[in-house]
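From just these sequences and the hints, can you work out the full model?
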Amino acid sequence: MKMFGGFGSAFFEAYHRIVPKTEPMEEYEDRVRLYELYHHLNHHAIFGAGYRSGAVSIMQKLLKKYGD
Numbered sequence: 001m002k003m004f005g006g007f008g009s010a011f012f013e014a015y016h017r018i019v020p021k022t023e024p025m026e027e028y029e030d031r032v033r034l035y036e037l038y039h040h041l042n043h044h045a046i047f048g049a050g051y052r053s054g055a056v057s058i059m060q061k062l063l064k065k066y067g068d
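Just so it is clear: in the sequence shown, position 42 is 42 by my numbering, and no numbers are missing.
Zero decoy hints are in this set.
Below are the DSS-like pairs computed for lysine-lysine, each with C-alpha atoms no more than 30 Å apart in a straight line:
1) K21 - K65
2) K65 - K2
3) K61 - K2
4) K2 - K64
5) K21 - K61
Pairwise CB distance ranges, derived in the manner of DEER restraints:
6) T22 - A49: 27 to 35 Å
7) E13 - G67: 26 to 34 Å
8) G48 - A10: 29 to 37 Å
9) G67 - T22: 19 to 27 Å
10) Y28 - G67: 13 to 21 Å
11) Y38 - F12: 14 to 22 Å
12) Q60 - Y28: 18 to 26 Å
13) N42 - L63: 14 to 22 Å
14) G48 - E26: 29 to 37 Å
15) P24 - G67: 15 to 23 Å
16) G6 - F47: 17 to 25 Å
17) R52 - E27: 22 to 30 Å
18) H16 - L41: 20 to 28 Å
Think of the hints as simulated: they come from the structure by calculation, not from any bench. Built from N, CA and C at the ideal position, the CB exists for glycine as well.
Take a look at the structure:
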């Protein structure tokens, strides 16, 4: 949703009026990051190392918050 610039805030405001954010609300952005990670890893596998840093960055953020 944000990988290639994504959509502006007006889009997401309109979208979430129709499709509300899911519970737990406080983890919504983290779930978006997790879904985005899939695409970074997929692009890394197909197109090469240019997508590695994005994938690593997302993993580090999620591990910092949820890792043990």
